[in-house]
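Residue numbers (the working numbering), protein chains in the order written: chain A, 415 to 702; chain B, 72 to 365.
Don't read these hints as lab results, they were simulated from the structure.
Each residue gets a CB set at the ideal place from its N, CA and C atoms; glycine is no exception.
Just so you know, not all the hints are guaranteed correct.
[What the hints assert, rightly or not] Anything over 12 Å on all C-beta distances counts as not near chain B; from chain A, calculated:
| # | residue |
| --- | --- |
| 1 | H459 |
| 2 | A554 |
| 3 | K589 |
| 4 | D599 |
| 5 | F664 |
[Said to hold, decoys possible] Derived lysine-lysine pairs resembling DSS-like cross-links, with alpha carbons at most 27 Å apart:
| # | chain 1 | residue 1 | chain 2 | residue 2 |
| --- | --- | --- | --- | --- |
| 6 | A | K568 | B | K182 |
| 7 | B | K182 | A | K660 |
| 8 | B | K316 | B | K362 |
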Amino acid sequence: MIFTIRPTAGLTFRVLPGSILDITTYSFVPPTTLSGFLRRLAMMHAGFDFPNTGPNDQDTPFYVLPRELIPLGAYPVGACSRPAHRTYRKGPRDLGHRAFSDMYRGKASGRENIQLHTWEYLLTDELTGYVVSENEKELARMTGIVGYGSKMGKEGYAFVERVSGPLPLQRTELKAVPSTLIPADDLFEKNPRVPADIFTLYSFVWLETEEDRTESQKKQRRGKSTSLPKIYSTSAFDEHPSPVVKYKPFPAARVDGQTGVMLDYLHYEEIFIPVSLIETLRGEIVYE
Amino acid sequence: MSGLPQANGQRYHFDIYAILEGSQELYFGHEVMINVNMVETVRLVLPNGEGIEKCYLSPTKRRGIERRCLLWAPCSNGKMLGEKLDCHIPKTCTKPECPVCAVYGGLITGKQTLIGRLTHGGGVAIQPLLPEEKQRAMHPSAILNDPNTNSPTPFKRQYNEPGLLYPVYNHCLSVTEDEFQAVAYAFLDSLARIGSGNPKGASLYEVDNAPLLVVDKYLVPHGARPVISPGETSVERALQIFQDKARRVNGGTGNGEHITVNNGNFERWIGWSAHQKLQKWADTFVNRVLKAND
Ligand SMILES: [Zn+2]
Numbered sequence: 415m416i417f418t419i420r421p422t423a424g425l426t427f428r429v430l431p432g433s434i435l436d437i438t439t440y441s442f443v444p445p446t447t448l449s450g451f452l453r454r455l456a457m458m459h460a461g462f463d464f465p466n467t468g469p470n471d472q473d474t475p476f477y478v479l480p481r482e483l484i485p486l487g488a489y490p491v492g493a494c495s496r497p498a499h500r501t502y503r504k505g506p507r508d509l510g511h512r513a514f515s516d517m518y519r520g521k522a523s524g525r526e527n528i529q530l531h532t533w534e535y536l537l538t539d540e541l542t543g544y545v546v547s548e549n550e551k552e553l554a555r556m557t558g559i560v561g562y563g564s565k566m567g568k569e570g571y572a573f574v575e576r577v578s579g580p581l582p583l584q585r586t587e588l589k590a591v592p593s594t595l596i597p598a599d600d601l602f603e604k605n606p607r608v609p610a611d612i613f614t615l616y617s618f619v620w621l622e623t624e625e626d627r628t629e630s631q632k633k634q635r636r637g638k639s640t641s642l643p644k645i646y647s648t649s650a651f652d653e654h655p656s657p658v659v660k661y662k663p664f665p666a667a668r669v670d671g672q673t674g675v676m677l678d679y680l681h682y683e684e685i686f687i688p689v690s691l692i693e694t695l696r697g698e699i700v701y702e
Numbered sequence: 072m073s074g075l076p077q078a079n080g081q082r083y084h085f086d087i088y089a090i091l092e093g094s095q096e097l098y099f100g101h102e103v104m105i106n107v108n109m110v111e112t113v114r115l116v117l118p119n120g121e122g123i124e125k126c127y128l129s130p131t132k133r134r135g136i137e138r139r140c141l142l143w144a145p146c147s148n149g150k151m152l153g154e155k156l157d158c159h160i161p162k163t164c165t166k167p168e169c170p171v172c173a174v175y176g177g178l179i180t181g182k183q184t185l186i187g188r189l190t191h192g193g194g195v196a197i198q199p200l201l202p203e204e205k206q207r208a209m210h211p212s213a214i215l216n217d218p219n220t221n222s223p224t225p226f227k228r229q230y231n232e233p234g235l236l237y238p239v240y241n242h243c244l245s246v247t248e249d250e251f252q253a254v255a256y257a258f259l260d261s262l263a264r265i266g267s268g269n270p271k272g273a274s275l276y277e278v279d280n281a282p283l284l285v286v287d288k289y290l291v292p293h294g295a296r297p298v299i300s301p302g303e304t305s306v307e308r309a310l311q312i313f314q315d316k317a318r319r320v321n322g323g324t325g326n327g328e329h330i331t332v333n334n335g336n337f338e339r340w341i342g343w344s345a346h347q348k349l350q351k352w353a354d355t356f357v358n359r360v361l362k363a364n365d
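Okay, chain A solo, but in the shape it has when bound (with noise of 0.2 Å):
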């Protein structure tokens, strides 16, 4: 399925791990972030208030969508800042007085002391956005949060223009030009010399479901816990929160928008996604 979404202002998609003083950002939307901002449009659309997720700590619950639908990241389209669009900022070391918002400055007294850091944001006009799945009904319900917006990234706010799909893809090996991200080992074992900018990027690690275990399992499980078990997140519509554990790094690759590379596809007309890809963050299952 596609979504057509469209920012509203500069979007930061901070480049983790990084430095506190420099953010960075990717010049995309992570296939994790689309996730997380899909989520909260559906859980809007259902009627349910926008999940007050503060700063990642390790509390702090992952609200995305089910593991059946996969997201494969969002990409820029029309008129885009490149290289991304970089402010300097002038930012106070210590938070710990009012001095910046005085009416009068008289002589610093010293306390706004100030360090300077950088702050990227990309802008773009719009941004084309790849959710694939197997259940064909659960991708369809999709196509509710049309018009729907949020906060996106770090900063900045867009929202669902248009959803084409389900389409149906087939899958092919061929040269073509992927329409997402590749997992750069796939890329360079089929395309040694190609030229790819590279990038750390993240997939879900999941929690077991009720749904993962056997019928033994279950009844074995039953016998031993003894706290009640916590509430996850089965559709994208619910409000709970999801089974995911962490995020786990894997090296990803873009080659630019001309680039034809040997890879396995599923594809439909003109969209190409690597197969690798969807494997990859399909992501990984842990059990208790």
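The hints should help you fit chain B with the ligand onto chain A, whose structure is shown.
Leaving out everything else, chain B with the ligand in the frame of chain A:
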């Protein structure tokens, strides 16, 4: 579940869409915490490979100006709102009941974070800087040069040319009408204070005597959103897009300036009616918060 305090009344999503005109020379920057660049510009690559450069009224700056408008708002006890609330920059009070922090967010390092529910957007001017006009649009002025040096300091004295148009947007997620009143007050009050130094100020751009302004209040989105692509360079086309999208509401009833869908699941105000609505909310904020006797 959402981590929000129990709301005093129904929560809605609110959006403001406007096209601002820099009615005089504007000078952005030089604000502490804000960019060092005197005139912030963005460079974009068009699909045909051509590069363009545009002036930028960044959302970060508008956010800072709006926040100051609230903190400096005069209260009935002779204090400014920031003093009354003990809420400052960067030392925010971060209390959920603070009318500023509740929407603009707050942070006490290592202790407490209140996530802002308001996102600022837009700001990329419609007209690009043409190569031969770059100097005019960002002209270094000589008057403020340090008399002790012979070399001019052009980097410090740049202005955005008057007449540039800036589409800007304010998006609020899951806030009550009471909470949104602060945003309406700050949006209107900040217009005259955009830019630093003198002169300053931007105004709502008018076409046929009506401002290009749209305000949405909704639970379910029903209208096209009047946003202009950063890559758009034609004023005529941009205004057309803004007006067309403003009027495109699915299944609405109303008089053309105020459209309601499904008993208020979506409401849109356009032009002067949007301006009046914002003013009404701002007035309520003044009466309810600034004139409160406590
Ligand atoms: Zn506060």
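| request: Grab the minimum beta-carbon distance between D599 of chain A and chain B and tell me whether it stays above 12 Å. | output: Holds, because the least Cβ-Cβ distance between D599 of chain A and chain B comes to about 30 Å, which exceeds 12 Å.
| request: Take a quick look at whether K568 of chain A and K182 of chain B sit within 27 Å of each other, Cα to Cα. | output: Roughly 20 Å separates the two Cα atoms, so the pair holds.
| message | Confirm or reject: F664 of chain A is not an interface residue toward chain B, with every Cβ-Cβ distance exceeding 12 Å. | response | Its Cβ never comes within 12 Å of chain B, the nearest being 28 Å, so this holds.
| query | Closest CB-CB distance from H459 of chain A to chain B, is it above 12 Å? | reply | Incorrect as stated: the minimum Cβ-Cβ distance to chain B is 8 Å, not above 12 Å.
| request: Please confirm whether K589 of chain A is truly not at the interface, meaning its C-beta sits more than 12 Å away from all C-beta atoms of chain B. | output: holds, 23 Å
| field | Holds or violated: K316 of chain B to K362 of chain B, with C-alpha atoms at most 27 Å apart | value | violated, 38 Å
| field | Pairwise hint evaluation, K660 of chain A against K182 of chain B, where the allowed Cα distance is 27 Å at most | value | holds, 24 Å
| said: The output says A554 of chain A does not contact chain B. Does that hold with a beta carbon cutoff of 12 Å? | reply: At roughly 19 Å from the nearest Cβ of chain B, A554 of chain A sits farther out than 12 Å, so the non-interface label holds.
Going through the hint list in order, the structure does not satisfy hints 1, 8.
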